[in-house]
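Peer 1: Chains as they are written, first to last, in this note's numbering: chain W, 994 to 1106; chain U, 4 to 114.
FYI, nobody ran anything at the bench for these hints, they're computed from the structure. Even for Gly, the Cβ is constructed at its ideal location relative to N, Cα and C. Be aware that a few hints might be false.
Claimed, not checked - Calculated Cβ distances over 10 Å to all of chain W for the following chain U residues:
1. 19
2. 69
3. 82
4. 84
5. 87
6. 95
7. 99
8. 100
9. 103
10. 107
Said to hold, decoys possible - List time: in silico DSS-like cross-link candidates among lysine-lysine, alpha-carbon distance up to 27 Å:
11. W:1050 with W:1035
12. W:1076 with U:73
13. U:70 with W:1076
14. W:1050 with U:73
15. U:106 with U:73
16. U:70 with W:1071
17. U:106 with W:1076
18. U:59 with W:1050
19. W:1076 with W:1050
20. U:70 with U:59
21. U:59 with W:1071
22. U:59 with W:1035
23. U:106 with U:70
As the list claims (entries may be wrong) - Some chain W residues flagged as far from chain U (calculated, every beta-carbon gap over 10 Å):
24. 997
25. 1001
26. 1045
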Amino acid sequence: EPEVTQTPSHQVTQMGQEVILRCVPISNHLYFYWYRQILGQKVEFLVSFYNNEISEKSEIFDDQFSVERPDGSNFTLKIRSTKLEDSAMYFCASSRRGNQPQHFGDGTRLSIL
Amino acid sequence: QKEVEQDPGPLSVPEGAIVSLNCTYSNSAFQYFMWYRQYSRKGPELLMYTYSSGNKEDGRFTAQVDKSSKYISLFIRDSQPSDSATYLCAMTPPRMSGLTFGKGTHLIIQP
């Protein structure tokens, strides 16, 4: 069964550094998403991406964050000037169309030191 | 008032029991409803996807939506120890794609 894959599974970064999280969505899916889950809290929506542009973003997704689809298979989340509070699980998801079920990867655990 | 409320549990039941998991929500714009299962150190796995009020059944799982009460449920029949996980409800309005999640209910099925 096709799945969303994310790399790395765990990323440790010094505060203030930039980090790039990578995702390979399911191949025939057109919509891509990033979510985060701070330990003990809800899964929170960050951003959705369709047709090479952001289609929706939450209040969390400020200028510190950016997304890109650099080629036909990868979808990335860049976090600049990381802060301690950016420590969380980051999940990538994809769906065939908007409002279709979203399928999630197993996440990248980001630890900011 | 939080948008989506879900009792975090833990909910512990014996193997073979019927499990009932619930979420309430406040935003009447929500029209699409999902249940995900999340095992430790894994991503959410889609279990059920519904639109509109009523019931939807898939194997041992039944999803129920009552929009008038802003209340959704997931029933698990003949529960198995492998069903032990955190169950997340999620929902979204039409023409928006970002899901709003509940906090998740930690379910334990005792052998």
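Peer 1: Evaluate each hint against the coordinates.
Peer 2: Here's how the hints hold up against the structure:
Here residue 19 of chain U stays apart from chain W, with its beta-carbon at least about 28 Å from theirs, past the 10 Å limit. Distance to chain W confirms residue 69 of chain U as a non-interface residue, since its nearest Cβ pair spans about 20 Å, more than 10 Å. Separation of residue 82 of chain U from chain W is adequate, the least Cβ-Cβ distance of about 23 Å exceeding the 10 Å criterion. Every beta carbon of chain W lies more than 10 Å from that of residue 84 of chain U, the smallest distance being close to 22 Å; the non-interface claim holds.
The Cβ of residue 87 of chain U lies farther than 10 Å from every Cβ of chain W, with a closest approach of about 18 Å, so its non-interface assignment holds. A beta-carbon of chain W is positioned within 10 Å of the beta-carbon of residue 95 of chain U; the least distance is around 7 Å. For residue 99 of chain U, the requirement that its beta carbon stay farther than 10 Å from each beta carbon of chain W is not met, with the minimum near 6 Å. The claim that residue 100 of chain U is not at the interface with chain W is violated, since a C-beta of that chain comes within 10 Å of its own (minimum 4 Å).
For residue 103 of chain U, the non-interface assignment is contradicted: its Cβ lies about 7 Å from the closest Cβ of chain W, within the 10 Å cut-off. Distance to chain W contradicts residue 107 of chain U as a non-interface residue, since its nearest Cβ pair spans about 8 Å, not more than 10 Å. Straight-line distance between C-alpha atoms of residue 1050 of chain W and residue 1035 of chain W comes to about 17 Å, which keeps the hinted pair within the 27 Å bound. Our distance criterion of 27 Å between C-alpha atoms is broken by residue 1076 of chain W and residue 73 of chain U, whose separation comes to about 37 Å.
Only pairs whose Cα atoms come within 27 Å are accepted, and residue 70 of chain U paired with residue 1076 of chain W is rejected, the gap being roughly 40 Å. Our distance criterion of 27 Å between C-alpha atoms is met by residue 1050 of chain W and residue 73 of chain U, whose separation comes to about 25 Å. A distance of roughly 17 Å separates the Cα atoms of residue 106 of chain U and residue 73 of chain U; the hinted pair therefore holds under the 27 Å criterion. Distance check on the hinted pair: residue 70 of chain U and residue 1071 of chain W sit about 38 Å apart at the alpha-carbon level, beyond 27 Å; violated.
Restraint check: the Cα-Cα separation between residue 106 of chain U and residue 1076 of chain W comes to about 24 Å, which is no more than 27 Å; the hinted pair holds. For the hint pairing residue 59 of chain U with residue 1050 of chain W, the CA-to-CA distance comes to about 30 Å; that exceeds 27 Å, so the pair is violated. Between residue 1076 of chain W and residue 1050 of chain W the alpha-carbon distance is near 20 Å, which keeps this suggested pair within the 27 Å criterion. With a C-alpha separation of about 14 Å, the suggested pairing of residue 70 of chain U with residue 59 of chain U holds against the 27 Å cut-off.
Between residue 59 of chain U and residue 1071 of chain W the CA atoms are separated by roughly 39 Å; this puts the pair beyond 27 Å, and the hint is violated. Restraint check: the Cα-Cα separation between residue 59 of chain U and residue 1035 of chain W comes to about 25 Å, which is no more than 27 Å; the hinted pair holds. Of the supplied pair hints, the one linking residue 106 of chain U and residue 70 of chain U holds, its CA atoms being roughly 20 Å apart against a limit of 27 Å. Some Cβ of chain U comes within 10 Å of the Cβ of residue 997 of chain W; the nearest lies about 8 Å off, and the non-interface call is violated.
No beta-carbon of chain U is positioned within 10 Å of the beta-carbon of residue 1001 of chain W; the least distance is around 14 Å. The claim that residue 1045 of chain W lies off the interface holds: its Cβ sits roughly 16 Å from the closest Cβ of chain U, which is beyond the 10 Å cut-off.
Checked against the numbered hints given earlier, this structure breaks hints 6, 7, 8, 9, 10, 12, 13, 16, 18, 21 and 24; the rest are met.
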